[in-house]
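Here the protein sequences come in this chain order: S and L. Just so you know, we're using the numbering used here here: the first sequence kicks off at 1 and counts up by one. Just so you know, we're using the numbering used here here: the second sequence kicks off at 260 and counts up by one.
What the hints contain is simulated information worked out from the structure, not anything from laboratory work. Each residue gets a CB set at the ideal place from its N, CA and C atoms; glycine is no exception. Each hint should be verified, as a subset may be incorrect.
[Unchecked claim] Interface residues of chain L toward chain S, partial, derived using beta-carbon atoms under 8 Å: (1) S266; (2) F368; (3) T372.
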Amino acid sequence: MAHIQLNFFSSSLRKNTDVNIFLPSPEPDDYLFGQLEPFYQKGKKYQTIYLLHGSYDDCHSWVRKSSLERYAQERKVAVVMPTAENSMYQNMKYGEDYETFIAKELPEFLHITLPLSREREDTFIAGLSMGGGGAFSLAMKYPDKYAAAASLSGGLDMKSLKSEAHLEKMPVSYRNAVGNHEAAIDLIDNVDVKKLPKMLMTCGTEDFILPCNRSFYKKAKEYGLDIVYKESPGAHTWEFWDQSIKEVLDWLPLLQGMV
Amino acid sequence: MALFQCSLFSTSLCFGTSFHVIIPSPDSDELMNKKDSSYFKEGVEFPVLYLLHGAYGDYTDWQRQTGIERYAQKHKIAVVMPSASNSFYQDMHRGSAYYTYLTEELPSFIERTFPVSTRREDTFVAGLSMGGYGALRLALMCPEKYQACISLSGAVDLEQLMEAVNSGNVTGPFQWHNIFEHPEGIRNTEADLFYLMERNQKQNRPIPDIFQSCGTEDFLYSINVAADKKMTDLGIRHTFETHPGVHDWDYWDLHIQRAMDWLPLNNHKLEE
Chain S
1 MAHIQLNFFS SSLRKNTDVN IFLPSPEPDD YLFGQLEPFY QKGKKYQTIY
51 LLHGSYDDCH SWVRKSSLER YAQERKVAVV MPTAENSMYQ NMKYGEDYET
101 FIAKELPEFL HITLPLSRER EDTFIAGLSM GGGGAFSLAM KYPDKYAAAA
151 SLSGGLDMKS LKSEAHLEKM PVSYRNAVGN HEAAIDLIDN VDVKKLPKML
201 MTCGTEDFIL PCNRSFYKKA KEYGLDIVYK ESPGAHTWEF WDQSIKEVLD
251 WLPLLQGMV
Chain L
260 MALFQCSLFS TSLCFGTSFH VIIPSPDSDE LMNKKDSSYF KEGVEFPVLY
310 LLHGAYGDYT DWQRQTGIER YAQKHKIAVV MPSASNSFYQ DMHRGSAYYT
360 YLTEELPSFI ERTFPVSTRR EDTFVAGLSM GGYGALRLAL MCPEKYQACI
410 SLSGAVDLEQ LMEAVNSGNV TGPFQWHNIF EHPEGIRNTE ADLFYLMERN
460 QKQNRPIPDI FQSCGTEDFL YSINVAADKK MTDLGIRHTF ETHPGVHDWD
510 YWDLHIQRAM DWLPLNNHKL EE
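Only chain S is shown next, with the shape it has when bound in the complex (with noise of 0.2 Å):
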């Protein structure tokens, strides 16, 4: 992979912000045994995943704490990783637009600057925990703009969980900028079922976020949305989501080549 981290102003958050990005590139072995043709073909585009972190982190968790990269060069795909501080990935009541930087002005400014494809069917969001909230709630939100959605132990239904766990050490002035939190739960009710992405959530047993997902579930099949579900054993850890994601990437609708 071309590992590529992207620094740029972004109006949407009124200050410059840093994006990593894998582009597919020659690895050593497509040197060796001369596969070099799959790569920058001239004219042609990357299938792009947008990736989002969790609460806590930042666009640099997918990239060292677990084996993303080598899963996406396998399928030669386009990821990118913003930073959403712990937004919730919507624009905050007091702060920055993290919804429509992440939805539009990214996008934009990609498909200006990288051969990234701007086609529905080229494109794709997933995220973990606060991530998965992100990826399904801008899923419902923009379904014009992505073809699959995942969420990986999201956190899709905070209210469900008997406490707010690991949100009560956020600081009250952090949380207050950022508003009421709009659950991904909630979206449901509005959306066009014919007209959403197909939906891949999963979770481990022995994850504490799990009954958001079971309700989340639950409320989406009444609503006869596409979607899958996989249960594993496993916690709110990255060894659950070094390996969930290779179960998303198997799952998403990835020509494995430029487009």
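Following the hints, position chain L against chain S.
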């Protein structure tokens, strides 16, 4: 302005390498001062400047030591800053193929990945010291690819530099026998910039525009003065500037700005 720091496996070098790419883009200055950001749209093709480091350096030098990003944004030009080790911009005799990487692999990646023009008139190469020599060498070896080249405090006469190093007048990290098979015989070879100039003339190939600048207290000053005379004698059109200064980043930060002002940029295209 946007900075892309890229790391990938180079098939020419056979190991991983990094480079910085500056792409002009709407920034806080444009936002706050309500400047025109309409240049930044799908299909935009920025002119591109390949900017080379000197001895002991790498792809981070220009970014860290100068305001290059501001100058790139001002001129609306993309800037690519690669690493070339201490190769003197050659395919090393014992070492890595930096010349091939820089003239074939890297531009190919840049052109297929970023919104840059592929036209000769929009393609430039510049460098300091070893990179000043490198910029002229790349442009003179591939004159159909580069419209203009810039040397700041460049080692423009490599033969003279080698003599200075061998006689102990100048220190450098260069193990000449690693770079060249016959370091004692580089005159009239592709390592000799004046040979390349004459060859291009004889073969009726284009000669890129040349900008040469050196500080009057720089240890390479006399080499640059002699090179200027040689180019004039050969009938090679070029711009030679000298200013007070030594071989340091104060000089290069200032004079890359003058050099970029000199570049034949066709910026009116961006405003269409």
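Consistency of the hints with the structure:
Here the hint on S266(L) is kept, as its CB sits about 5 Å from the closest CB of chain S, short of 8 Å. Look at F368(L): its Cβ gets to within about 6 Å of chain S, closer than 8 Å, so that hint holds up. With its C-beta approaching chain S no nearer than about 6 Å, T372(L) sits inside the 8 Å limit, and its interface hint holds.
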